[in-house]
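J.: Taking the hints into account, I'd like the entire structure generated from these sequences.
One-letter residues, chain by chain:
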Amino acid sequence: MSGPGHHPAAAGRHVPPDLYGRPRADRAMRALAAVGDVLFPLVVRSGGRPGSRRHRSTPPPAPASALNLVVAGRGYVADDVVRLRLAAPDGAVLPAWRPGAHLELRLPSGRRRRYSLCGDPADRGVYQIAVRRVDGGGGGSVEVHDALPTGSRLAVGRPRNAFPFAGEPRVLFVAGGIGITPILPMAREAARLGLDWRLVYSGRGRASLPFTDELRGFGGRVEILSGGERGAPDAAGLLRRAPAGAAVYACGPPPMLDGIQAAFDASPASGLHVERFAPVPPPWDGRPFELRLARSGRVLPVPADRSVLDVLAEAVPTVAYSCRRGFCGICRQRVLAGAVDHRDHRLTDTERADGAMLVCVSRARAGESLVLDL
Amino acid sequence: MGTPATARAASTASTARAAATFEPDGLVLRPRDVRFDWSRLPTPWIPGEPVASHIINVLHLLLPEGERWFVRVFQRALPMITDDRVREDVLGFIGQEAIHAQAHQGALDHLRAGGPDPDPYLRQLEWFFHRVLGERPGLPPGRAREQVVEQVAIIAAVEHFTAFLGDWVLSADALDRAGADPVMLDLLRWHGAEEIEHRSVAYDLLRHLDPGYPRRIRSMMITGPILYWLWIRGARFLMAADPRLAGSRPGGPRRVESGRAFLAASRRGLLPAPGQAVRSGLRYLRRDYHPTQEGSARQAAAYLATSPAARAAAAR
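Chains as they are written, first to last, in the working numbering: chain W, 1 to 374; chain H, 1001 to 1316.
Bear in mind the hints are in silico, worked out from the structure with no lab data behind them. Careful: at least some of the hints might be erroneous.
Unchecked claim - Chain H is faced by these chain W residues, among others (derived, beta-carbon under 10 angstroms):
1) ASP18
2) GLY21
3) LEU32
4) LEU39
5) VAL43
6) ARG45
7) PRO99
8) GLY157
9) ARG158
10) GLU189
Claimed, not checked - Per label pair, the in silico range of CB-to-CB distance:
11) H:PRO1211 <-> W:GLY151: 33 to 41 angstroms
12) H:GLU1023 <-> W:ARG276: 20 to 28 angstroms
13) W:ARG106 <-> H:ARG1279: 40 to 48 angstroms
We treat Cβ as the ideally placed atom computed from N, Cα and C, and that holds for glycine.
T.: And the structure:
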């Protein structure tokens, strides 16, 4: 698409033919080009003269993308679930957020982890998150539990929202375990707005489920299923609780969400919002190999558990990418040497034969290394 | 105190306050891996409404070329970004735009197979986006930067109208009542909802690169009229090539006839009202303008949760 070789002959100097087949160059296009040729030098001129400030683009000072916060309080809200209260050291008002938003914590080890905000958006002095300890996981939750006592400082990204609450008139919330965290502020908002809503919350045992006391305060709208010995509740059964035409908001363990997605079409609901905490899967069947950048001469090792894009983005921070799953085509690069194991579903055979590669998913074939035109 | 009137006023005020704080913000932008099956698309896809169908079909001609240009410009702007959040938004934006281009290209390929040959118009657009708006080689670095900022300003102006159109199509119940093809409606509304989702990105990038007011105004004064002109030109071109239309003739339909047909379809709610579009363009000129004032992210999120294409993409 935007790669080399896209500039066709039509994009050349010649004005294209008349729209209705009259034997002449198109007059309107010729006029547009003439106007463009007059305006263009005027518009870019100021950028060429050092010291000229009129009209010139002046970048503003970079705003702080991260907030420096302090752990203002912490306490256990269930077995293995700690709740942190984060505030500005001087007690300043924090950036606003809406239900479904999350924070990215930059932990002392350098790990970055995202946690849903579970407090009240109207409380502008404090962010609350709740984190379940997962021993044997990636280590982020253990670090939050063990290495962030009250008074610790840490950098936190501004709130972002990948699970916005649209406030539909009829709503079913489905939460599994710690997946309750983004749902809780939504339920409070649904109650405040007087929506027709229900919430079904499931987990292994009552002692492991946070926020059950607050949820019970909502009365009959909330159902808590904690029969851990019976295994995970079936998705079709959960969805049967939806009012006809309702929007479902689901957050919980991946098998629960997969089940809900599979059973959704047969349910009475009509809209499905899902929050998944692990958006980018690691490479499958990855083998380590070597990546060379032809123009800079750099050699970068690509480990088995990282993508070419991961490695490239560190070395060349301006590299473009978007979906990270091999379908949008933005991260396309040109391969000068080496056999590619293509894993995208975007490029055509011709594009692949021309040396195109989507670096977010594709890798070198076994025993090969790759040379990129970078 | 306590009279019904004051109680009602108080409750209206609190509803307004609730609505004002309700709009989700800071959305994470992700492209969605949508696919559309055009094999059962009727012509015209709004039954009995060939003019409205043609006018909306211009989008399938205009958008793939235009959105691919957006992606090229934003890729060149990436090294100029010094704010992580702006960069993150731009990366999400270009992926969404690339998928929009691909989706409309699919619809275009289908229309080409069954309808008039769109190539003369497409050749002109391609030339326009490369020769008139494209990168001009050989500029010194300062001017090359100015060129990218100017292109970003044009895109910010276009994105104002795509958000306007997205908001319109999400609420255009008349299309449902007219029995419009559900796959085409899903394409338009999925696209419209993503335009609302990312409505602030080009504007915020422009403000990041050049917070000044003059460039914003200048680029809208040029972009708005050209965008309308390109659209009308595309619509007349498609109508001229449709033998079923009374106004079809080799040099294009008569302006008066095609204009009347447009206004009639717009009055029936099948097309946006031209007056609203112009007023929307004027809002962009206000000093306190921000794209979040256009359309509703809530409505967009609600649609994406029900869209067959977006739901299938989420399950992939």
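J.: Each hint: holds or not?
T.: Hints and how they fare:
1. About 8 angstroms separates the beta-carbon of W:ASP18 from the nearest beta-carbon of chain H, less than 10 angstroms, and the hint is met.
2. With 10 angstroms as the threshold, the beta carbon of W:GLY21 comes within range of chain H, its nearest partner Cβ sitting at about 7 angstroms, so the hint holds.
3. Given hint, W:LEU32 at the interface with chain H, holds; its Cβ is 6 angstroms from that chain's nearest Cβ, closer than 10 angstroms.
4. At about 7 angstroms, the closest approach between the beta carbon of W:LEU39 and any beta carbon in chain H falls short of 10 angstroms, and the interface hint on this residue holds.
5. At its closest, the beta carbon of W:VAL43 sits 5 angstroms from a beta carbon of chain H; the interface hint therefore holds under the 10 angstroms criterion.
6. The interface hint given for W:ARG45 holds, since its Cβ lies 7 angstroms from the closest Cβ of chain H, which is under the 10 angstroms cut-off.
7. Restraint check, W:PRO99 versus chain H: the minimum CB separation of about 8 angstroms is within 10 angstroms; hint holds.
8. Below 10 angstroms, beta-carbon pairs count as interface contacts, and W:GLY157 has one with chain H at about 8 angstroms; its hint therefore holds.
9. For W:ARG158, the shortest C-beta to C-beta distance to chain H is roughly 7 angstroms, which falls under 10 angstroms, so the interface hint holds.
10. Hint on W:GLU189 holds. Least Cβ distance to chain H is approximately 8 angstroms, under the 10 angstroms limit.
11. In this structure the supplied range 33 to 41 angstroms holds for H:PRO1211 paired with W:GLY151, their Cβ-Cβ distance being about 38 angstroms.
12. Between H:GLU1023 and W:ARG276 the Cβ separation comes to about 24 angstroms, which falls inside the hinted range of 20 to 28 angstroms.
13. Separation of W:ARG106 from H:ARG1279 is about 45 angstroms and conforms to the stated range, judged on CB atoms against 40 to 48 angstroms.
In this structure, none of the earlier numbered hints is contradicted; all agree with it.
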